[in-house]
Amino acid sequence: MREHRRTTACAGRRDASPSAESAPAVVLAAAERGKQWVACACERAEARGVRPGMSLAHAKALLKGMHVWEKPFTPAEDAQALRRLARWAGRFSPVVAADEPDGLLLEMSGCEGLFGEDRDMISRIDASFKKLNLPVRLALAPTIGCAWAVARFAADRIRIVAPRRVREELTPLPVAGLRIPPLFVEALHEVGIERIGSLFDLPREELACRFGADLLRRLDQAAGQVGEIITPLRPATPIEAARGFDGPVTNPDAIEVTVRELLFALVLQLEERACGVRTLDVVLQRVSAEPYRFSIALSHPNRDVRHLWTLLRPKIERAELGWGVESVSLHASRLGRLTARQLPLAQAEPQREEQGDESSLGEFLDLLMDRLGRGAVGRMAAAETYVPEEAFPWRALSETRTAVGADSRAGESRGAAWKDRPSQLFSVPEPAQVISPAPDGPPSWLRWRGEECLVRRSRGPERLALPWWEAKRGTSPSSNAARDYYEVEDDQGRLLWVFRDLTTHGWFVHGLWA
Amino acid sequence: MTGFLRKPNIYLTKDVPVFGEREMSLGDQIHAIEERFGATVVRSGALGEREELRRLETGWADIDAAMGGGLAIAALHEWFGVASGRRFAAGRAEDARREVWRPPLLPLVHLVKRAMNRGSFPPRVAWIGRRCFPYGGVLVGAGGDERLLERSFFVTAEGPVDRLWAVELALRCPAVGLVIADGSAFDMTATRRVQLAARARQIPALLVRPPWETRELSAAQTRWLLRWAERSREGSGPDAEETDEESNPPRSRWSAELLRCKGRSAGWVPAEDSGPCAWTLEWDRDQSVVRVFPALVRPVGDARASANDRLRRQA
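From first to last, the protein sequence lines stand for chains A and B. Residue numbers for the first sequence follow this note's numbering, so the first one is 722 and each next one is one higher. Residue numbers for the second sequence follow this note's numbering, so the first one is 23 and each next one is one higher.
It should be emphasised that the hints constitute simulated quantities derived from the structure, not laboratory data. Careful: at least some of the hints might be erroneous.
[To be verified] Derived EDC-like pairs: lysine to aspartate or glutamate, alpha-carbon spacing no greater than 16 Å straight-line:
(1) A:K1140 with B:D167
(2) A:K1140 with B:D184
(3) A:K1140 with B:D209
(4) A:K1140 with B:E168
(5) A:K1140 with B:D84
This is chain B alone, in the form it adopts within the complex (with noise of 0.2 Å):
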């Protein structure tokens, strides 16, 4: 509450008449953010269950069934993109801030693409910060659907602060069915006001992270991490006994490692060795969709393990 109030003139723009009779005092914008608040608050009590099923299937059923339905739909969902390069993996934080990150586009595209096909789905999708603009080659669908790239506009914003605002500005604008914005620098009280935004309008808003944030607080309903998926030589990986080059294209892969799941059902975390939490992903380019790879035997414990030293290391 107190986080809302420190820049309250973000809302008043907004929210505050200012064409009625007469301007409002101080207190009465206050008394009005404090409605307005307390609305929200009501409403996300009341709809608990309803928002339940509320949830935009990602097409990938493993996925889906870990997190109940997919995903939420009226909230913020963070994905944490790749350092590209090798001193991020090996642990430097202070080198790996200078790193350059790649935001997942692929799956997000997918998502959006899952979005768009739904019904009910308000036409224009907002991309936001530069860093999160796919080519425009993925967003022309299988069979030349450019549905996508004409609902889509790009905006440039740069800093933190600038990308807040042009965030909110997008949930809030009844035309937009959906935001995806470059978050990199967001703090607590960023990423919770665009989750309040997503839920009042009911709409997803899918943040992209550089991977060196994961110990930042946040407000998102799902956190997701990206890595690439190396082809491990051990014997252990899909792909250990594919040699053969016809038979085995370059492929794009990624493990996403679901970090967080607000609300999945009382008290489930993922644990360090309870369920799966870990998924890869593929990039079908014929489809044009992210598979989930099927033949997954990756050990999750593993997967688990490596994460965590991250977090450790970086700690």
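So that you can see chain A by itself, here it is in the shape it has in the complex (with noise of 0.2 Å):
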């Protein structure tokens, strides 16, 4: 049994990059009860003598000369990001497990027919890793304490241990290899054990009595004399319900209770992950046909049967069910956190009033984009530009991932810049025909949309232009060229904002004060 089992063990180092002369060290550095002090080091930090533990501004003074990133130590988001890795190498083998901090244990008993020889094997692990621009430490070994020694403390940066070769490999190794307390690597510093060969040839009587059976397990489970199994990763089991028909269904009323019931399922699974639903895809199995599949997309996170059943129903009124219906399933494919909700104590439309609040928006902003289609509610956003036409970008809710009102971004000033704007601006400016008496000057007639208007007064110009860098690169060739306002009163009293393009010398009416 044992000679099977073969587990990888990868430890990488998040921040060692490809050195270059010139490339700045990292270090990531943590703050404690006002006192800076260094969590991690990247290699070239260390190669200066930068340790973890010591002080920030010792680390700077040993860096000096250097460009240093000084980076927030993160464990908690240093932990997710494993995980994710960890996910992500679900690809090599069904058994991962996240080894904090730094490391991964794959279980690759049975893996090796799918990749080849054990060389190959890992080669390719260690090329997917390369992709990702993670350089790693790579051992396979027969146990798992083997491993992970061997993969941080062996001089080769890959290496396999064959199966019986384990207490060779582990010998010249640091005690350090044995995943055990660093209060215990010291102790056994003092009395002059260095390597894990030397534990090997103590009696284990002794070391339990001095160090504690803890040490003992360590040992044994890195030599492979006690079993050890890593705790898998488990894939989030997804939200759905289903459920078949003794026969194909053709009676829509049928599938509409069904689906009433499968929703309230649902909605008790997302209960309990206090989860809300944000696309909810509904299949209907039928026969000999394809599956029909629709799926409502929401803005907000919902578990509201009711809401859902009014977005839900008018599709299935619409469904094809062909020669019948054999199964029907409903599957919550996009998630989205929502808290528990004190219940209101009657369902009286003032108790939701007083909520006032974002699922009620959702719920509207759902039932619009439902029916008008999910382009058709938006809003604006200011943009960093000057040109008119691009400042005020128009997005579809369905594609910002924030809701209307939730962003609050630091107001700068530019609030004079759009006191001289229109009320109203048209997409593409409107050609118009324009008597100038001066060459440079405003207009005093102009023909815009079939009627001639005389000019009473006119303010400006102003010249909007696109930055130098932006112009020539060309990417809306509309705007590309500077222009210069003018703002007219004709003798209706409109007040239009006219435009010359400076370089075709047209006049266009971009806009105006409606």
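Reassemble the complex: the two chains are provided individually, in unrelated frames, and hints are given to aid placement.
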């Protein structure tokens, strides 16, 4: 049994990047009680003598003359990233565990056939990590402990331990490779034990007396005397509900009732997980036809049966049942967090109003988008540009991640720039014919939309042009030229915003104060 | 009442519990609607006095005074836009229908800002119908205040049926505090539905409509007709003596005419020659507000006469 078990341990250095002379040194700093200390440092920094645990000022002094990247140390985020990486590594083995803080454990027993020889398999894994720009150390060994130690402390970056050579491989490695607390490592150093090999020679009873059973357990695990298993990362169970019929069903009422019941079951699952659904897929398996699928997408996470049913019902009514439906399944393919909500005392309208909350807005927006189309509801946000038609781009709500009014950007004082803008802007400037007394002056007469009007008063010009770097790129051909804008009041009393294109010298009406 | 029963399905989707112990029969549904409708009538009667108090001050002193304190909050207000061009002005109604018209966006933006600065205002503003979307720049207030921009969302709905549906939906959403919509081609039934929904939620609904629809029946509380304010040359206007370009830059001005103001007081109607019912509004870009032009000396009779002439020509 032990012979067949092959475990790969990967130990990665997150910050180890291809070294270049000019590359910066990366230091991850943690702060505790006002004191900043180095939690982690890259190879270049360690080459200068920076060690984890030293104060940040000390590290900076050591790195004098180098460009230093100082980043906050975020263990929780690192652990999360490691779990993501573990999920990604599921392509090599079904049993993967994240070994915090910096390792992955993969159970490779039974996977050899898929990847060929051990050497091929290991180099393939290595190549995949390289594509992610993550230099890793790899070890393939019969036991978890051995793979762990070899991956971290062996001389080679990639090492394969033959089934019967576990003890030989472990012998020259330092005792820190035994996954024991640093306190034990120090205690062992004090009595002159530095290599794992020395522990094998010592009498076991004395080791247990002096250092506890834990050391022996770790030693046995590494050597393969005691079994150890990987606790694999479990993929999240999907939230779904399905029901099969006893024979094809063509009655739409039966389908409706079934979907409704499944919806209740789904919502119960959502409540357990404190989630709301953002995309709900419904599949009707039909007899001798491809499955009929439809889905509803919501702007806010929601688990209100009533609301979901309002959206689902018209789609079920439109469903083509063909020769009959054999089974119905509902699947929540996108979820969002939705914490528990206090139930109102009575489901009366004023109660809902007092909540005045995001969920009611979300339901409202869902209904709108369901009937008018996904792109029908949008908002405008100020963009960092002075080109008038690009300053307030329309964004459909279905494309933006945040809902209306969620973000509160630091409003910089560009209000002054908008006060001279019209209230209505044509997306395409409308050409106009103009008589202008002076070559570069404001118009005195213009014909626009087949109407002639005399200009009573005008103000300008205000020259708007793209910044030179964008004008050169020519990203937007409509607006790559400088324009001279005039505010023009005509004899009807309208205030128009007209401009002269400085390259073509044509005149256009771009908006008006309505 | 019959107008409501003709299209009951829109109400039923919301008001009839789908997941009750049993489906309601049609009779029960109708009864529920009747109850709801009756309740609205009773409440509006009982709260008549208090509704007088719930008004949105427009910030235009003369107009507030004429309306008895401001626009009623829980009501529908119609704003007739300006037809761009002279074909409409020449009175050819059939030409006018093909004419482009411009909704009075700046006065509306002004009202929205006033409403938003009131306390206890639900935070979202719904703009329904592409025609009434203003340029984002005017939603940014003085000093780069982007609150209104962030709280607005815009719904593109074509056709009066979809727009009415969206307006009613928006008026029922608790998070929406103000609805501005393109109300062109809305009929009496549609406006009455909007008016009732606005009253039930106690929030204002502002509809913009083309100027040739002033003859359409409507349940609106107030109706406003806006036109570009021409600078008169004959010397009767405010700017006749001002000719200096520097002291008199181009301005955007409208003459706003109050065609109807329900519930102003018993028997109050904008009569031919009693009381002012037309004002000149001007956009103050520095403060980003609309002001009543202070030195209004336009003879009211003129405005009434011209408006009545136009209405007569349309008819």
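Okay, the hints, checked on the actual structure:
| no. | hint | verdict |
| --- | --- | --- |
| 1 | A:K1140 with B:D167 | holds, 12 Å |
| 2 | A:K1140 with B:D184 | violated, 34 Å |
| 3 | A:K1140 with B:D209 | violated, 37 Å |
| 4 | A:K1140 with B:E168 | holds, 13 Å |
| 5 | A:K1140 with B:D84 | violated, 26 Å |
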